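K.L.:
Read off the chains here:
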Amino acid sequence: MSFKKDRSSILVAFPAVFVLTLCSVLPLYWMCWTVAANPQVRAELSLSAFRFELLGRTLLYNGTVAIIATAMGLPAGYVLGRGRGMIARLLWVLLPAALLLPSLSYAYGWAQFVRMYRHLVLPWGITFRPNGAADILRCIWSLAAWLWAVPAGLIGLALRRMDSNVQQQAVLDGALHWVTFRQLLGPIIASLAIVTILATQEFAVYEPTGISVVATEVRMVFDTGAMSSPDNSITQSGALGGGFASSDQPQRAAAAVATAAPLLAVTILLAIAAAWGAGQTAGSETVATGDWPPVLDVSKVTVAITIALLLLNIGVPVLSLIRSLYVPLSPWTMWKEFGPKVQGAILVAVEASAFALIAGFSSAGRWIRGSLALAGASFLIGGQLLAIALIRIWNRPGLYWGYDTSIVPLIAYAGRFGWLALAAGRATWTRPWREMRDVASADGASTFQTAFWVIWPLAWPTLLAGGLVVGALSMTEVPATVLLMPEHPQVLTPTLMTWVHMVRYDAMIEASLIMMATVIVPALVAVILTGIGLRALKAAMVGSPTAQTASQRG
Amino acid sequence: MRQLKILLTLFALGLAIIPAGCNHGPEPEEIIVYCGVDEPYASKVFAEFEKQSGIHVAVQYDIESSKSVGLAGKLEAESAHPRADVWWGSEAFLSTRLASENILEPYSPTTGTDIPPEFKDPQGYWTGIGLRARVLAVSTPPPPFPITGIEDLADPRLKNKICISRPTAGATGAHVAALYVYWGRDKTIAFFHKLHDNGIAALGGNAEVADQVGNGVYSLGLTDSDDVSNSAANGGKLSMVVPDQSTFGTLAMPTTIGLVRGTHHEQAAKKLIDFLASKQVEQMLIDMKYARWSVRGGAGQEIKAMKIDYREAAKVYAQAQREITAILDGRM
Numbered sequence: 001m002s003f004k005k006d007r008s009s010i011l012v013a014f015p016a017v018f019v020l021t022l023c024s025v026l027p028l029y030w031m032c033w034t035v036a037a038n039p040q041v042r043a044e045l046s047l048s049a050f051r052f053e054l055l056g057r058t059l060l061y062n063g064t065v066a067i068i069a070t071a072m073g074l075p076a077g078y079v080l081g082r083g084r085g086m087i088a089r090l091l092w093v094l095l096p097a098a099l100l101l102p103s104l105s106y107a108y109g110w111a112q113f114v115r116m117y118r119h120l121v122l123p124w125g126i127t128f129r130p131n132g133a134a135d136i137l138r139c140i141w142s143l144a145a146w147l148w149a150v151p152a153g154l155i156g157l158a159l160r161r162m163d164s165n166v167q168q169q170a171v172l173d174g175a176l177h178w179v180t181f182r183q184l185l186g187p188i189i190a191s192l193a194i195v196t197i198l199a200t201q202e203f204a205v206y207e208p209t210g211i212s213v214v215a216t217e218v219r220m221v222f223d224t225g226a227m228s229s230p231d232n233s234i235t236q237s238g239a240l241g242g243g244f245a246s247s248d249q250p251q252r253a254a255a256a257v258a259t260a261a262p263l264l265a266v267t268i269l270l271a272i273a274a275a276w277g278a279g280q281t282a283g284s285e286t287v288a289t290g291d292w293p294p295v296l297d298v299s300k301v302t303v304a305i306t307i308a309l310l311l312l313n314i315g316v317p318v319l320s321l322i323r324s325l326y327v328p329l330s331p332w333t334m335w336k337e338f339g340p341k342v343q344g345a346i347l348v349a350v351e352a353s354a355f356a357l358i359a360g361f362s363s364a365g366r367w368i369r370g371s372l373a374l375a376g377a378s379f380l381i382g383g384q385l386l387a388i389a390l391i392r393i394w395n396r397p398g399l400y401w402g403y404d405t406s407i408v409p410l411i412a413y414a415g416r417f418g419w420l421a422l423a424a425g426r427a428t429w430t431r432p433w434r435e436m437r438d439v440a441s442a443d444g445a446s447t448f449q450t451a452f453w454v455i456w457p458l459a460w461p462t463l464l465a466g467g468l469v470v471g472a473l474s475m476t477e478v479p480a481t482v483l484l485m486p487e488h489p490q491v492l493t494p495t496l497m498t499w500v501h502m503v504r505y506d507a508m509i510e511a512s513l514i515m516m517a518t519v520i521v522p523a524l525v526a527v528i529l530t531g532i533g534l535r536a537l538k539a540a541m542v543g544s545p546t547a548q549t550a551s552q553r554g
Numbered sequence: 001m002r003q004l005k006i007l008l009t010l011f012a013l014g015l016a017i018i019p020a021g022c023n024h025g026p027e028p029e030e031i032i033v034y035c036g037v038d039e040p041y042a043s044k045v046f047a048e049f050e051k052q053s054g055i056h057v058a059v060q061y062d063i064e065s066s067k068s069v070g071l072a073g074k075l076e077a078e079s080a081h082p083r084a085d086v087w088w089g090s091e092a093f094l095s096t097r098l099a100s101e102n103i104l105e106p107y108s109p110t111t112g113t114d115i116p117p118e119f120k121d122p123q124g125y126w127t128g129i130g131l132r133a134r135v136l137a138v139s140t141p142p143p144p145f146p147i148t149g150i151e152d153l154a155d156p157r158l159k160n161k162i163c164i165s166r167p168t169a170g171a172t173g174a175h176v177a178a179l180y181v182y183w184g185r186d187k188t189i190a191f192f193h194k195l196h197d198n199g200i201a202a203l204g205g206n207a208e209v210a211d212q213v214g215n216g217v218y219s220l221g222l223t224d225s226d227d228v229s230n231s232a233a234n235g236g237k238l239s240m241v242v243p244d245q246s247t248f249g250t251l252a253m254p255t256t257i258g259l260v261r262g263t264h265h266e267q268a269a270k271k272l273i274d275f276l277a278s279k280q281v282e283q284m285l286i287d288m289k290y291a292r293w294s295v296r297g298g299a300g301q302e303i304k305a306m307k308i309d310y311r312e313a314a315k316v317y318a319q320a321q322r323e324i325t326a327i328l329d330g331r332m
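Those protein sequences? They're chains A and B, same order as listed. Number 226 in our numbering belongs to position 226 of the first sequence; there are no gaps in the numbering. Number 212 in our numbering belongs to position 212 of the second sequence; there are no gaps in the numbering.
Mixed in with the good hints, there may be bad ones.
Calculated pairs, PhoX-like style, for lysine-lysine (alpha carbon to alpha carbon, straight line, at most 25 Å) [as the list claims (entries may be wrong)]:
| # | chain 1 | residue 1 | chain 2 | residue 2 |
| --- | --- | --- | --- | --- |
| 1 | B | Lys-51 | B | Lys-187 |
| 2 | B | Lys-44 | A | Lys-336 |
| 3 | B | Lys-289 | B | Lys-307 |
| 4 | B | Lys-289 | B | Lys-237 |
| 5 | B | Lys-51 | A | Lys-336 |
| 6 | B | Lys-44 | B | Lys-271 |
FRET-style restraints, in silico, Cβ to Cβ [as the list claims (entries may be wrong)]:
| # | chain 1 | residue 1 | chain 2 | residue 2 | range |
| --- | --- | --- | --- | --- | --- |
| 7 | B | Asn-102 | A | Arg-57 | 54 to 64 Å |
| 8 | A | Gly-56 | B | Thr-247 | 29 to 39 Å |
| 9 | B | Trp-183 | A | Gly-398 | 43 to 53 Å |
| 10 | B | Asp-114 | A | Pro-397 | 41 to 51 Å |
| 11 | B | Pro-106 | A | Arg-118 | 25 to 35 Å |
| 12 | A | Trp-335 | B | Glu-105 | 37 to 47 Å |
| 13 | B | Asp-155 | A | Gly-398 | 52 to 62 Å |
| 14 | B | Asp-186 | A | Ala-43 | 27 to 37 Å |
| 15 | A | Trp-33 | B | Trp-183 | 44 to 54 Å |
| 16 | A | Trp-456 | B | Asn-102 | 50 to 60 Å |
| 17 | A | Leu-325 | B | Trp-183 | 31 to 41 Å |
| 18 | B | Thr-140 | A | Trp-124 | 15 to 25 Å |
| 19 | B | Gly-235 | A | Leu-329 | 17 to 27 Å |
| 20 | B | Glu-48 | A | Arg-57 | 21 to 31 Å |
Think of the hints as simulated: they come from the structure by calculation, not from any bench. Note that the structure is a prediction, hence the values are computed from the model and not measured. For each residue, glycine too, the CB sits at the ideal point set by N, CA and C.
Bound-form chain B, shown alone (with noise of 0.2 Å):
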């Protein structure tokens, strides 16, 4: 009997560890954030955040292929015992689509008194900062003729020479979404068969798009302006145009910060907050070329962008993806 108990003592033992060493709960000055938002801007705000503030921030970064879409999902999974407290989306229809669903809550950040509405949520759920745009990433040498519009994309010239990521998540979804709302349903599935039968590549993501047309394989591709900003800063061979500046505009994305409906640490997911919606945090997305313009200073001063209502745009969303994703593949 004496072994029986040491051999129990033993296993007890080992159980007794496992959850020792498990029980590594948040710090009471802990934040959680999950973030759209690329990790190598994002994580020298957070650390200036923490150097600032001295409280740690534990980030989930989105995957490129799957990008904020899933940690979307992870949000609302877990809706009924929120892990995160602070969401930081890489554009607007997610945050739109969470706010709607009651995951986020409401805080105006005391920072962001000066960001115009249009670049808010109006009942406070998301504010939006820094300013990212769909551009055209040109490799070099760029094409024998100028390109200036999304349009371009269908010249035969560049047949087989043109990339675009997938828009089952991200930015793409959100554009193809845009276009639903600005052109119509039937204009914009016109424009993509166009593309199509013009020999268009769907890759898996945007960094994807700006490295493949850095790298002389595509000569055209579209994709997000800081996408093009990283590849080039990598050494690619490409330039960006931001199209259709003469007509009727190009996407203009903000960053969007919201608070977590249930949050353990309310008071410091508020301070981070604030601290994303100031104008520091904004000129530091500007500096290291996430981020291409401010909402202070209005998308119309140096990007003519696309008016877009939000909320329609999130309607027709699942519609559009499903739709372009199908008409890329050949399948409609």
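Okay, chain A solo, but in the shape it has when bound (with noise of 0.2 Å):
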């Protein structure tokens, strides 16, 4: 059936293309246009000693995240790819556990480990000075243990597509290892390049205790016009009252995009080496689930080394919030004193979810080329500067209307994790999927008729787990919430931030927590819903004549 004629193709795109439009391209644009459209903040863009100090310090701290993050990666994925049973399984539902937990929360667990127990290292000298060398690697390690699920995923699904049979003919001439390595060689560089870009966006830890990175920095040039570090010539302009003075928002909205410009430079360099090292792995477009020999089994040795990793990055955190808490533990207190703004935040996080899926269901009925690109931009520029963007889109007259509500929120949150419901769409898009596609099409079904009657039937479980991610991603978003502080509803995490300076504090570990067990639940369904997704695809693909009744119910 030609495009032309198929108008249901048009009908099918327009939801991704709108969500896209609103929470991706624009932003993006502002973006381009603001920096364009104030020449005095250019001079932010070019790499004087300090910014390169500043460039060199991020890149540093957050490189050094992504390699221990990777080598802690390195066995989960193992078990992820190679693991059978139970612990494997486990292991995917447990896995991202970490990963969504608000990263100030997670790190503030961290702190309080610290907290407990820097006596044991103080006659060795070494003092969680602010800024000082531990507190930095304090920092580090924090997010380092957030972020250990990624690379650990990225290995796992290259190990289920590798080709089992050169891994056999590896073991066969004992270079099983070194085979191996080499096949991961591109996912443990992915995974080396995406931990960086994200911990780079962060700025919840490394704040409190006044480390200067550029996401910090960011975030200080939007909220007063004046950086937290010197040789700056904002500060130089004045913070207060003169030059860039704090009233004039698109001013420093203006600056602080340009602040973050070079570093996008380098998170755009690394989303390519991700992109090209993630490439590397694609033995085949479907995920193995068990069929390889059992001599490329996990060793029990690794499998250990996952549960101590496992128990390390996150039990000991969330352990070290429970013991540091002085009022004894109280589910019901806590829910009674931050139910409101918990419900707010899963609220807001539903929204997201529902814009998302929406573009979810509508690429893997039309999948719009370069859209997932466009999504990922937005991601790539970080929680900040989306949150910057929508502030100045928003805060004019005639779109208070948005302002004011939960839009907004919903906007950033689609705009920054709305590309893992694209790419779930776009799972949709593989060979199995392609052959359905094209059995149908060739019965003379229309583009809808054959999402309708053969994809979304199929590929329901996957496009909820997507969007249901993205709500679970939103609860715990700390860079865009901190800015954009929802009012309706008011959501937990702008007060986590204002509390995460307080060495101890039994609130901010209590909301911490109740933050930490209200996300699970989506994760687990998430996790859930995506195996029986698989399981269903499966069975469909199974001789499932499926695609040819498409067209005769259409």
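Once you've looked at the hints, go ahead and assemble the two chains, each given alone in its own frame, into the complex.
P.N.:
Printed below as a string of structure tokens:
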């Protein structure tokens, strides 16, 4: 059926185009426009010694995060990729747990651990002086332990997609480790790049003790008009009442974008490296579910290491939070106090999830070339810049109806994590799905008919999982939420940020624990749905005539 | 075509759910406060107001590193369509600036008639209650010599053992501006050069200064009285010295309350301002150890405060912040 005749194709694509335009294209356009329209902030684009140092420091700290996270992710990835039975299955569920916790709550857990046991390292002269070496290492470790699930997942998936015959031959040749490492080099590079990108977007971990990285400076510039670090022209112009007056939000917003620009250039390079690395893994378009020879199974030692890492990375910060409480742990009291803001967070997350879900379903019906790249770009710019762009777009006469409600936060979350929903939609354009579409198309089914009768009935668990992950991440997103400070409804994250500077505070601990408990639910459901989706696809591929029935029903 | 209609209906329904969910517009009896007073204290005050009045208060608090400057910037950026109804600042300088920019509207609370004029804006743009002060946080055990004033920070015996919050935002910025007015620019600059040479650490916030002294990382820090109280309550090993009581006094800072111009809930907002300016609330702040002294008691009776003209200090605020930050960073 020709595209001209198949008008349903446009209608199926429209929701994804709408969401993408609103959440990704407009903020990205605003960013480019604001730098072009404010020539005075272009000075920020040049790499002076100060900016070079700031960028270097940011990459050094977050590059170290990536190395540690990837090193920890390797054994876990091996269990995910070549593990069988309950442990491997449980790991798929438990591993993302840390990643889905709010970064600042997670880092607060590690800060409590350090606070409780700092006396043990004092005899060696190690003090956690703010912005000192030990303090910086604490932040690096917190981020690495938070993000280690990313490399683990990438490596696990790469192993599952790897041609097991090659590995089997390598076993016979006595070169299994070398061959596997060579095949995993791409995913390892992708992991390093992705973790570096994610870590550079976080400011809440570094900011409380005054560590200066690009993300902390971007927030300071937008909030106050001044950098918290030396040698900055904005500071020279005056932080308050002069130069870039605080009241001049457009100037501050433009300066914040310009401050982030050098890092954004590096981010683009890292994203290219990540895409290249991830592309190296594509041995097959399908994910193996246990059909590799037993000789390739993960060793017990690797499983033991992974369990130890899991306990360390999730157990230690959570237990440290619980142990630091002065008041008795009472979920009911906690819910009474923080419930309204948690409910607010859930509500906005559900809205963002629904928005992303619409885009996901739409993209499963009709794929728009370049949409994933655009959605990825609005993710890569980070939550802070996305929030700044949206504040500037919506804080104007005629659009206050959006600025005053949860519309702006939901757009921010969909812009930030919508790529996951689109990726779920994109997954329905791989080989097994293409074959089904081809059959449907040959039988005369329109784009809508194919989507409605063939793709959506099979893909809904995966698409729903994509939407749920967007929701879970929205609940715990720190950078965008702190800048947006949603008013109706209020959410918990900005309040957590006001408390994070306190060395030990019961309310911060309780609120962190309740957020952690809340976010686990959608995360678990998403993992279960993904499993259902994979099984449904497998069943459909075993000679099901679904595609043919589509045209008959349509 | 039937399926197309179904799809369109589903899409329309999906879009309808979102605005319906988003329409969490303020209830008639809800007011929004932008609040620079720390949440652990302010939240208890607002809870009491809600209990007494039945009016719900939605609060946005500041973040330690950018302090009230961030919230004030938000107020300014939203001036054409204010979200906030009431401003409760942690000091007077920002409120003075907000008043000069027409962000605030004059309102003299009925409960504030007994507040001395030095703690109120002459035109009624803001009203001050609950004094905090800039104090010295002293570690336990203390340094082996008496600590009496801020100039002790320059004592070589404390080299590399002293700290201050970065003055880009918050009370430290106000303090350096006050010193510019009281001492003059040259003397202030010379003093901060001495502190830099003595290895002073510029930390992310005043709470951080108190906590680090309480943890024994530093011996002496210049910070806010409430941060010392809070750190001590959380197990920090430190004590407080109100500096310069035999000389020029310390900077005493009232919290300041103002009505946001263009508020959508004027009556409820005025009700809250009346409540906040009351003796009852000031006593609450003192009991919770956020404020140390009452504006009504006269700061001079319990604490020797620097005599500062807020408007003059507000004028030099930006310059003082910029120059002292540069000195602390070793750039000037």
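K.L.:
Mind listing which of the numbered hints don't hold for this structure, in increasing order?
P.N.:
1, 7, 8, 11, 17, 20
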